[in-house]
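Residue numbering for the sequence shown follows this note's numbering, starting at 27 and increasing by one per position.
Mixed in with the good hints, there may be bad ones.
Derived Cβ-Cβ restraints for the label pairs, each shown as a range [unchecked claim]: (1) Val-109 / Leu-67: 32 to 42 Å; (2) Ile-53 / Arg-94: 13 to 23 Å; (3) Ala-98 / Pro-62: 35 to 45 Å; (4) Lys-97 / Ser-58: 38 to 48 Å; (5) Phe-104 / Asn-30: 33 to 43 Å.
With a cut-off of at most 25 Å between alpha-carbon atoms, the simulated DSS-like pairs for lysine-lysine come out as follows [as the list claims (entries may be wrong)]: (6) Lys-97 / Lys-110; (7) Lys-47 / Lys-60; (8) Lys-47 / Lys-110.
Treat the hints as calculated values from the structure; they're not laboratory data. A quick note: this is a predicted structure, and the numbers were derived from the prediction, not measured. Quick reminder that beta carbons are idealized off the backbone N, C-alpha and C, glycines included.
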Amino acid sequence: MDWNLLAVSFTAVFISELGDKSQLAAIALGGSSKSPRAVFLGTAAALLLASLLGVIVGEGTAQILPERLVKAVAAIGFALLAVKLLWPAASDN
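All chains, please: the whole structure from these sequences, using the hints.
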């Protein structure tokens, strides 16, 4: 097992999930539920499944497309999201 990759993956996902919609949903569900254990198990299972799907799709994509192209598409996608967040449409005001 690549322990360095494990640590990097954990840190990246943990930090990106803080304050994310999934954490806010867990807070709301946990606060309104009489069974926080069920909320924890449900949200943990959902995050595990989402991560598994991401890894499977990522591995499949890496088999088909060059790494440089995948990184370029991801960078452009994030840049477009940033522009949209910085300059919302006139109808959003």
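These are the hints, each one checked on the structure:
1. Val-109 / Leu-67: 32 to 42 Å: 39 Å, holds
2. Ile-53 / Arg-94: 13 to 23 Å: Taking Cβ atoms as reference, Ile-53 and Arg-94 lie about 39 Å apart, which means the hint is violated.
3. Ala-98 / Pro-62: 35 to 45 Å: 43 Å, holds
4. Lys-97 / Ser-58: 38 to 48 Å: Holds - the Cβ-Cβ distance for Lys-97 and Ser-58, about 41 Å, lies within 38 to 48 Å.
5. Phe-104 / Asn-30: 33 to 43 Å: 24 Å, violated
6. Lys-97 / Lys-110: 20 Å, holds
7. Lys-47 / Lys-60: Distance of about 21 Å is within 25 Å: holds.
8. Lys-47 / Lys-110: Given that 25 Å is the threshold and the Cα spacing comes to 18 Å, the pair holds.
Hint violations for this structure: numbers 2 and 5, all remaining hints satisfied.
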